[in-house]
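J.: So the sequence lines, in the order shown, correspond to chains A, B and C.
Numbered according to the numbering used here, the first sequence spans residues 3 to 298.
Numbered according to the numbering used here, the second sequence spans residues 6 to 264.
Numbered according to the numbering used here, the third sequence spans residues 4 to 339.
Treat the hints as calculated values from the structure; they're not laboratory data.
Fair warning: there could be bad hints in the mix.
To be verified - Heads up, incomplete: computed chain C residues facing chain B, CB under 7 Å, no partners named: (1) E44; (2) S45; (3) E201; (4) S202; (5) N228; (6) K271; (7) T272; (8) Q285; (9) T288; (10) S295; (11) N297; (12) L299.
Unchecked claim - Which bits of chain B does chain C cover? Going by a derived footprint, with three or more residues having C-beta under 8 Å, they are: (13) 193 to 199; (14) 213 to 223.
Said to hold, decoys possible - A short list of chain B residues far from chain A (calculated; beta carbon distances all over 10 Å): (15) S81; (16) S87; (17) S104.
C-beta: ideal position from N, C-alpha, C; glycine also.
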Amino acid sequence: MLINNGFNEDKIQSPLRYIWSIFKSKSIAVVAMWVIVFLVLVSLFASWLVPHSPLLQDPDKMLLPPYWIDGGSIDHVLGTDDLGRDTLSRLFHGIQYTLGGALLITFFVSIIGMTIGAGAALTKGVKASVLHHLLDALLAIPSLLSALILITFFGPSYINCLFAIALSLLPQFIRASYLAIAQELNKQYIIALQLDGATKTRLFKYGILPNILEPTITILNRLFTMAIIEIATLGFLGFGAQLPQTELGSLIANNMELIYLSPWLVAFPGLAIFITIIIVNVFAEGLRHAVIEGEE
Amino acid sequence: MPSLLKVNNLCKSFKQPFGFFGSKEKVAFGPVSFTLEKGETLAVVGESGSGKSALVRTIAGVLKANAGDIYISGNSIRTLSSQQRCVSVRMIFQDPSSSLNPKMTIGKILNAPIELNTNLDAKQRHQQILDTLKLVGLLPDYLAFYPNMLSSMQKHQVAIARAMILNPDIILVDEILTTLDISLRFKIVNLLLKIQKTNGTSYIFVAHNMHLVKHMSDQIMVLHQGKIVEKGAAEEICDNPQHEQTKYLLLTHQPDYRK
Amino acid sequence: MALLDIRNLSIDIETAQGKIRVIDKATLNIVDGSIHGLIGESGSGKTLIAKAILGLHSSNWTVTADRMFLGKTDLTKLSQKERREILGTEISVIFQEPSSYLDPSQRIRTQIESVLPKKTWQQRFRPILSKIKRVTVPSRRLQIKELLHKVGIQNDVAVLKSFPHQLSEGVCQKVMIAMAIANNPRLIIADEPTTAMESVTQSQIYRLLYKLNQLNNTTLLMLSNNFANTSSISDYMTLVYCGQTVESGSYKQIMSSAMHPYTQAMLKTMINNEEINEHKAQLYTLPGNIPSSNQLPIGCRLGPRCPKAQKICVKNPTLTIQKGHSFRCHYPSKLS
Chain A
3 MLINNGFNED
13 KIQSPLRYIW
23 SIFKSKSIAV
33 VAMWVIVFLV
43 LVSLFASWLV
53 PHSPLLQDPD
63 KMLLPPYWID
73 GGSIDHVLGT
83 DDLGRDTLSR
93 LFHGIQYTLG
103 GALLITFFVS
113 IIGMTIGAGA
123 ALTKGVKASV
133 LHHLLDALLA
143 IPSLLSALIL
153 ITFFGPSYIN
163 CLFAIALSLL
173 PQFIRASYLA
183 IAQELNKQYI
193 IALQLDGATK
203 TRLFKYGILP
213 NILEPTITIL
223 NRLFTMAIIE
233 IATLGFLGFG
243 AQLPQTELGS
253 LIANNMELIY
263 LSPWLVAFPG
273 LAIFITIIIV
283 NVFAEGLRHA
293 VIEGEE
Chain B
6 MPSLLKVNNL
16 CKSFKQPFGF
26 FGSKEKVAFG
36 PVSFTLEKGE
46 TLAVVGESGS
56 GKSALVRTIA
66 GVLKANAGDI
76 YISGNSIRTL
86 SSQQRCVSVR
96 MIFQDPSSSL
106 NPKMTIGKIL
116 NAPIELNTNL
126 DAKQRHQQIL
136 DTLKLVGLLP
146 DYLAFYPNML
156 SSMQKHQVAI
166 ARAMILNPDI
176 ILVDEILTTL
186 DISLRFKIVN
196 LLLKIQKTNG
206 TSYIFVAHNM
216 HLVKHMSDQI
226 MVLHQGKIVE
236 KGAAEEICDN
246 PQHEQTKYLL
256 LTHQPDYRK
Chain C
4 MALLDIRNLS
14 IDIETAQGKI
24 RVIDKATLNI
34 VDGSIHGLIG
44 ESGSGKTLIA
54 KAILGLHSSN
64 WTVTADRMFL
74 GKTDLTKLSQ
84 KERREILGTE
94 ISVIFQEPSS
104 YLDPSQRIRT
114 QIESVLPKKT
124 WQQRFRPILS
134 KIKRVTVPSR
144 RLQIKELLHK
154 VGIQNDVAVL
164 KSFPHQLSEG
174 VCQKVMIAMA
184 IANNPRLIIA
194 DEPTTAMESV
204 TQSQIYRLLY
214 KLNQLNNTTL
224 LMLSNNFANT
234 SSISDYMTLV
244 YCGQTVESGS
254 YKQIMSSAMH
264 PYTQAMLKTM
274 INNEEINEHK
284 AQLYTLPGNI
294 PSSNQLPIGC
304 RLGPRCPKAQ
314 KICVKNPTLT
324 IQKGHSFRCH
334 YPSKLS
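Hey, can you work out the whole structure from these sequences and the hints?
T.: What follows is the structure, encoded as structure tokens:
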């Protein structure tokens, strides 16, 4: 935690600041972070950023290739689809649905899951063991399958698909956070804090939460990746976003029959999903390493 | 006048899974009875697995006893609130690098016990922290430091400061000396002795090194398989051990290999 | 004859605070067939020196040495692979927490078998050979049994069948020692072999190591932070303080005519152990604490804590050698 600034004087930094200063030295992870910021901005302001409305059809410009290929036009940077809709605009909106949805899911699942996980780890007796065994039973069902089951209950729509995915990912998250907290509870400083008479909330806030940063990053990363993949999968299968909505998975599904005619219509949404997931993983991995180095 | 600490037939056993559904009781120690007066030091010695660590942890309140009573100044521990208990009995853990929260500054670590167990305001708490730091020989600058910035000696000093911060009557010391270098060990022994001299604190400590035990303690209690096999004044036990186990512990220390 | 001859070994480690010279011109001379104690407090760099000898350093280390010879081989000129071959055949290591260095999922027999020298062709065809020629070829089983008996494990059958967690720390250490001597190495490096052990087990291990040295003439380098225990079995001793080798010499030289203030302070801690001083009196220690690795003083690193320090001590003293007794101090003097 001591950082030597040119004057050979050591400055005290809080652990979080220290981790941040280590993270800043990892250039790939920093690049990944800025790409994520860009993607989040895109998903927030997609409607203002796009050059055309994603639904605007132009019968004169159908199936245009990207502009760098012969026959492309600079007006439609990534070309158009079979109804003359601008691919770039549709892609931006697709990112809004997929990435934005995944962010929402991650946010709510992590808060609810962490609360339940902490509750299960910090309490003993019937409450804890009911929680425990119930969740263990739920874990036996693959999350995509349980999301599909829930969708058939709710009926296919984008919002319902988010709900279903959140509910199907919740048990895994609770389980992971429960394990991280339970492991932390055995540490000596937690026992010392308990002996001081600390309440459960205080114990959690000061003792446990700052020290489970590393496992939390890992499970959040996994949660986010799973959420993106499942949103895209449900969209592809037609259970998620419905037709006028341009979700990345459904974009791929809609353009499947055009794959020989203009392959980029399928390639671009696929690439968008692929890059998003890779970038998020690079970022999370960099952050995790920074945390590990910072804790040494 | 009742003794400062009176332990009466204290027993502790752990449940171990046995077979498919059943469980088996494994006795950690007990029944154990002893008393401790103010300003005295009681050393608990024995082989590993003799239950000495469990005994100290039970008195500290980390583990729950299965039977028996603990009285502090004549009051049963059952009648005391956790705050009262905390103010009179404190524990120093074995390894300070794992018993200090790495994400909290020394100031916050020392503040927590006072905030939770007394009604002092912020200013009084700060004064109390400064006094305790002075007692263990640390500068106030260290309050803003995080534990991993300190050397191993300083970590021990902080751990002792955390135990001393409420001015307890009894401090339980769990094998802090075993893994230390000899010069650090001596420094900590000196510090503990100094604190005892100035504050009149009583210690119960678990140790291996019979020379240090003899030097530091007034009473020695030898545990073997959870039972007290010998108990008495330090001088007497070291000079004239009665039980086989005591003789064994004294004998194996520093033999001459050269012959 | 020197088995291991190291002159001016320096190790720099790259850290967040810049390059740190953790080992500063360490000199170590181990006589063949002796027990050499390398004594220093934790963090003084004993383990780093041992790792440099073994060639187990990581990429952010820079190791430089004027001379680093094991017998007649120059260790600095060997490739990583040749170094690796030396490890295990010429040098073996005993670690401090044996139970964590043994594979928890393998039985002891498998683990010992894996370090034994390759089967000779006679051993391979032992069943046939013994029928034809009636020669006695020692079997693997017998080899292992002998090995275990050497380290004082009597109930070999039970030990070989068990997993590391079923054995006590002392027995685990004995198994580690058995594995270390399996290839008859010339040098055994014991890295604090008895820390965190009970004094009963401690003395058993010490006695065993001493016996091995006496019977097999194996050279032992004992890394330890316990001056009192190590000095009682070593023939030669080197004291390390904060990465500097402050004094080295034979047992007699160190015990009767220590020249360096640090050695003298260590001797005092030992005398304290043996004499009966006043009950609950303050014990002797050097003032101050060991500096952390990013705040090392320049020159003689003991400087700020040394009772004899003068202005000149900010310069690193040169090595003085008198009849094999060497020390680095500007003001050497005998303890009165």
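J.: Indicate, hint by hint, whether the structure satisfies it.
T.: Now for the hints, and whether the structure bears them out:
With a least beta-carbon distance of about 4 Å to chain B, the hint placing C:E44 at the interface is held under the 7 Å criterion. Below 7 Å, beta-carbon pairs count as interface contacts, and C:S45 has one with chain B at about 6 Å; its hint therefore holds. Nearest Cβ of chain B to the Cβ of C:E201: about 6 Å, under the 7 Å cut. The hint holds. Hint status for C:S202 relative to chain B: holds, with the closest Cβ pair at about 5 Å, below 7 Å.
Taken as an interface hint, C:N228 checks out: its beta carbon lies about 5 Å from the nearest beta carbon of chain B, inside 7 Å. Hint status for C:K271 relative to chain B: violated, with the closest Cβ pair at about 10 Å, above 7 Å. Residue-level restraint check for C:T272 holds (minimum Cβ-Cβ distance to chain B is 5 Å; threshold 7 Å). Interface restraint check: C:Q285 against chain B, minimum CB-CB distance 5 Å, threshold 7 Å, status holds.
About 5 Å separates the beta-carbon of C:T288 from the nearest beta-carbon of chain B, less than 7 Å, and the hint is met. Satisfaction of the interface hint for C:S295 is found here, the shortest Cβ-Cβ separation to chain B being roughly 5 Å, below the 7 Å cut-off. For the restraint placing C:N297 at the interface with chain B, the shortest Cβ-Cβ distance is roughly 10 Å, beyond the 7 Å limit, so the hint is violated. Because the smallest distance between the Cβ of C:L299 and any Cβ of chain B comes to about 12 Å, over 7 Å, the interface hint for this residue is violated.
Figure legend: the segment 193 to 199 of chain B, annotated as covered by chain C; annotation consistent (4 residues with Cβ-Cβ distances under 8 Å, at least 3 required). Counting residues of the segment 213 to 223 of chain B whose CB lies closer than 8 Å to any CB of chain C gives 6, so the stated coverage by that chain holds, three being the minimum. Its beta-carbon lying about 19 Å from the closest one in chain A, B:S81 satisfies the requirement of being farther than 10 Å from that chain. With a least CB separation of 5 Å from chain A, B:S87 falls inside the 10 Å interface cut-off, contrary to its annotation.
The beta carbon of B:S104 is not kept farther than 10 Å from every beta carbon of chain A, the shortest such distance being approximately 4 Å.
Hints 6, 11, 12, 16, 17, counting from the list given before, are not met by this structure.
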